[in-house]
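**Student:** Read off the chains here:
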Amino acid sequence: KQEVTQIPAALSVPEGENLVLNCSFTDSAIYNLQWFRQDPGKGLTSLLLIQSSQREQTSGRLNASLDKSSGRSTLYIAASQPGDSATYLCASPAKAAGNKLTFGGGTRVLVKP
Amino acid sequence: EADIYQTPRYLVIGTGKKITLECSQTMGHDKMYWYQQDPGMELHLIHYSYGVNSTEKGDLSSESTVSRIRTEHFPLTLESARPSHTSQYLCASTGGGSTEAFFGQGTRLTVV
Chain A
1064 KQEVTQIPAA LSVPEGENLV LNCSFTDSAI YNLQWFRQDP GKGLTSLLLI
1114 QSSQREQTSG RLNASLDKSS GRSTLYIAAS QPGDSATYLC ASPAKAAGNK
1164 LTFGGGTRVL VKP
Chain D
315 EADIYQTPRY LVIGTGKKIT LECSQTMGHD KMYWYQQDPG MELHLIHYSY
365 GVNSTEKGDL SSESTVSRIR TEHFPLTLES ARPSHTSQYL CASTGGGSTE
415 AFFGQGTRLT VV
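Just so you know, the sequences run in chain order A and D.
According to the numbering used here, the first sequence holds residues 1064 to 1176 in order.
According to the numbering used here, the second sequence holds residues 315 to 426 in order.
Extracted from the complex, chain A is given alone in its bound form (with noise of 0.2 Å):
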C-alpha cells in the first residue's frame, strides 16, 4: 500500500524567502507525482506533475523535482509571496495501488508579509 508523507505539516515565512516542501513516498512504483495548491474551503488545484521518467519540472516560480530510488519529492517556490499562502499537497498514483491517487497530509504554509 502506498503511504504518502509530508514534512513539515506546517511553515511560515516572511515575504520574499525561498519554500522548500518535501513529499516521500513507499511506493516508487509510480506513473507520476503531483503537485497541488488548496485555497481555504476550496478544491484543489493542480500546480506541476512529474512523470515518473523525470527528474523535476518547472513552472514560473515552482520547481518540483523527484527522486524515485529514494522515494522523495521536493517543491520548491523562489521568492515566497503572500499569495502564496495556502496549503500544498503531493500526490502519487501507485501501480500497485491501481492507480489509486494516495495523498500525503499536506503542509500548510503561512507567507507573512
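It is possible that some hints are incorrect.
Partner residues are not named here, just some residues of chain D that face chain A (Cβ under 7 Å, in silico) [claimed, not checked]:
(1) Tyr362
(2) Glu414
(3) Gln419
(4) Gly420
Listing some non-contacts, in silico: residues in chain A with all C-beta distances to chain D over 10 Å [stated by the list, open to error]:
(5) Ile1070
(6) Pro1071
(7) Asp1090
(8) Ala1092
(9) Arg1124
(10) Tyr1139
(11) Val1172
Calculated from the structure, these hints are not laboratory results.
Where is the CB? At the ideal position from N, CA and C, for every residue including glycine.
Please build the complex by placing chain D on the supplied structure of chain A, with the hints as guidance.
**Tutor:** Using the frame of chain A, we list chain D on its own:
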C-alpha cells in the same frame, strides 16, 4: 483548465434526508474519485471508479454509495443524512497511467 464540476457547491440539510452530490467531467476520463475532507484535515478516499459499472470503496469507510452508469457522471448518494456526515466532499478524475488528475470545487455538506 479542468472540466470537472460538482453541484451543489454548498448544501444544508436536515437529518434523515436523502441527498445526492453530483460530479461530472467532460474530459473522457476513465477514473473518478470521491474524497472526504474535514476542515484542516487530510483527504480520505471514500469511493473509486475504474470506469463504467466499476466502483470500489476507498480507504475510509463511508455510508455513502456511488454509481457509474456513464463515463462522465459519478454521483454520490447518502440515503439518510446524519450530522456525522457533515464535511467537504471532493470529486476528482484522471485518464489513468501518467495523466494529470483534476479536482472539482467541492461540495460543503452540513447536516443539521
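**Student:** Look at each hint and say if it fits the structure.
**Tutor:** Structure-based check of each hint:
Annotation: D:Tyr362 was flagged as interfacial toward chain A, and the flag holds, the nearest CB pair being 6 Å apart, inside 7 Å. Checking D:Glu414 against chain A: minimum C-beta separation of about 5 Å stays under 7 Å; hint holds. Checking D:Gln419 against chain A: minimum C-beta separation of about 4 Å stays under 7 Å; hint holds. Of the supplied interface hints, the one on D:Gly420 holds, with its beta-carbon coming within about 5 Å of a beta-carbon of chain A, less than 7 Å.
Look at A:Ile1070: its CB is around 14 Å from the nearest CB on chain D, clear of 10 Å, so calling it non-interface holds up. For A:Pro1071, the shortest C-beta to C-beta distance to chain D comes to about 15 Å, beyond the 10 Å cut-off, and the non-interface label holds. Separation of A:Asp1090 from chain D is adequate, the least Cβ-Cβ distance of about 15 Å exceeding the 10 Å criterion. The beta carbon of A:Ala1092 sits about 13 Å from the closest Cβ of chain D, which is more than 10 Å, so the claim that it is off the interface holds.
Interface exclusion of A:Arg1124 from chain D stands, the closest Cβ pair being 20 Å apart, more than 10 Å. Listed as outside the interface, A:Tyr1139 is consistent with that label: its C-beta sits roughly 20 Å from the nearest C-beta of chain D, beyond the 10 Å cut-off. The non-interface label for A:Val1172 is consistent with chain D: the shortest C-beta to C-beta separation is roughly 14 Å, beyond 10 Å.
In terms of the numbered hints stated before, the structure departs from none.
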